[in-house]
Amino acid sequence: MAFPRRHALQLVGIAVLLLFTAFFFVPIVWLFLAPTKTDGQLLTQSPFAFGSFHTLGQTFHRIVTYGGHSMLIWLKNSAIYSVGGTALAVLAAIPAGYGLALTHFIGRKALLSITLVVMIMPATALVLPLFLEINKLGLYGTIWSLILPFGFFPFGVYLTYIYFSSTIPKDLLAAARIDGASEWSVFRFIALPLARPIVSLVGFFAFVASWNNFFLPFVMTYDNSQYPVQIGLQQLIGSTASFNPTNFTAGSSIVVLHRPDLAMAVIIAIAPVLIVFLFAQRALVSGMLAGATKE
Amino acid sequence: MATVAFEQATRVYPKSDRAAVDRLDLDVHDGELLVLVGPSGCGKTTSLRMLAGLEHVDDGAIRIDGKDVVDLAPRDRDIAMVFQNYALYPHMNVAQNMGFALRMAGVAKGDIATRVRAAAKILDIEEYLERKPRQLSGGQRQRVAMGRAIVRQPRVFLMDEPLSNLDAKLRVATRAEIASLQRSLGVTTLYVTHDQVEAMTMGDRVAVMRDGVLQQCDTPRTLYADPVNAFVAGFIGSPPMNLVDGIAEAGGVRLGSTLVAAPSVPARPGEAVTVGIRPESLSLAAAGDGIPATVSIVEELGAEAFVYAQLVGADGPVAEGANVKGNVIVRGEPSAAPRNGELVHLLVKEGSTLFFDAASGARLRG
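Here the protein sequences come in this chain order: A and B.
To convert, take the position in the first sequence, counting from 1, and add 534; that gives our numbering.
To convert, take the position in the second sequence, counting from 1, and add 930; that gives our numbering.
Keep in mind that the hints are not guaranteed to be accurate.
[To be verified] DSS-like, lysine-lysine: derived pairs with alpha carbons at most 30 Å apart:
1. B:K1051 x B:K997
2. B:K1099 x A:K670
3. B:K1062 x A:K704
4. A:K643 x B:K997
5. A:K670 x A:K610
6. B:K1062 x B:K997
7. B:K1051 x B:K1062
8. B:K1039 x B:K1051
9. B:K1279 x A:K704
10. A:K643 x B:K945
11. B:K1062 x B:K1039
12. A:K704 x A:K610
Worth flagging that the hints you see were computed from the coordinates, not collected in a lab.
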């Protein structure tokens, strides 16, 4: 009996998928296993070997207490910047997207095109002019230097625009206007309650963008007490012996970090985003699917 | 209680060279149910939305109780509207939907609850007050949309094809309900539909529109018996009036080889005219009498039968009708219904024939 051709194709497909899965999973698995091992074990043992919980505890302790609990300060800073930035981004993007989608004003189309153009512009490109602007306003070194820039979130505006223009029937707003609602009331009582999924989605993307932002805080902050966790991670690399062999000699009083500590720090740094995602997941999934089906 | 008046009201959509609503003059009397009817794209919904304030008025005036409202925002016009798709607020329950306008008007919570309950009682939807719109059937949603309108006690009701999303049986039941509700409330109502049966059965008066232009506004009976042009004649009535083109002669109109006798034809001999004959004005006659026709199909409805027939003469089929393609429809008794393909003879009831100008469609009066 000949082996059917479509079975062969199916097998090839599965093999390709497995290969790619392995390719992308290996780094993640390695990252989560690394803190359970000592630096030596990391080099000598199999990449997928589990060290011990004892070592994991030590690694965790070392990274949290490093530099007078710097890690906790950075996390706190990141939280402040990200929550503030997210709040501002949502406050600005949701009404802006609503306005672009459901109201009429002169220059609406032009504004929409500009939103699209700046959306594809890399955020890094704006960091230098932003720095000059913030500096002129005397906000350099304050938390506002890292929160105010998130008021400009064209991606969020565009997402909101798509959501409102595809899911909210115009008659719904017309009905509210006839029912005596002012433009503000139409937004507040009709559009906004129906936009909960998109508020979560825009909020989530803004949070991730702010939390993972490196270049902006790199330019805007100058002191350890101001650093967010992403800048902190860079500091940690500077304190890791294997990445800076000449700085650390035996017997030096400086606390020396090792590669498993760094892996631990990375895990701590991404944990808040994971937690936010888990909590927002239900709202996020419904936001991503909104408009896909007609009710 | 209010009157509504459109005065030369015009709407031209941007980038369009033709007016969607062209110099509309229309008076809606106090407490009247006036139906705007016409084929899709005739401007009836645009007219309604102009009155609601949802559509810009390019020229002319629209008055409610004599006051021009063209520059007023929808919220300041004191009108309520029932939308084709109901436009219920999906995140609010029925009571909140119905009470929204009162809440916007700053009515006290207790009063809102009382008035919502009273309106719900009228519409028999009290048991659904806590439900969300998506938990309701189409008919229930339609009632909630009505409830949202009546709870406000506005000066004018606007209804934009409120029955078009209901199934046929429910539509018939609901149209009687809406008509009787409107009469008991006595609120001036402008009602839009494309369905001429709905228009005829519900309206105190019916305004027929075509291509943005008002054709005729009168009582259903007058529209049926005395249409001003061939369009109204063909649009009003189901099945529609038979419109057949012919040539005027002394003593009648010649359709092909047959002369349809008429005591006074309001056209000079030799002029092209369109003859309008209602299906009930035609009857089957014995051979040798009347106009010969071949039966193409018979629709039996129980109480009556519609015979679709093709007029024939000595030299073949007669000119095609404007809205009845080459055919005439005869309303007859099911017991006397002919068979398909049979040759029949049609008699025209005396004095029932209407004449229209073949080119313009305007009514020719004797």
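For each hint, the structure was consulted:
no.: 1; hint: B:K1051 x B:K997; in the structure: 34 Å, violated
no.: 2; hint: B:K1099 x A:K670; in the structure: 72 Å, violated
no.: 3; hint: B:K1062 x A:K704; in the structure: 20 Å, holds
no.: 4; hint: A:K643 x B:K997; in the structure: 36 Å, violated
no.: 5; hint: A:K670 x A:K610; in the structure: 27 Å, holds
no.: 6; hint: B:K1062 x B:K997; in the structure: 38 Å, violated
no.: 7; hint: B:K1051 x B:K1062; in the structure: 18 Å, holds
no.: 8; hint: B:K1039 x B:K1051; in the structure: 18 Å, holds
no.: 9; hint: B:K1279 x A:K704; in the structure: 52 Å, violated
no.: 10; hint: A:K643 x B:K945; in the structure: 16 Å, holds
no.: 11; hint: B:K1062 x B:K1039; in the structure: 20 Å, holds
no.: 12; hint: A:K704 x A:K610; in the structure: 43 Å, violated
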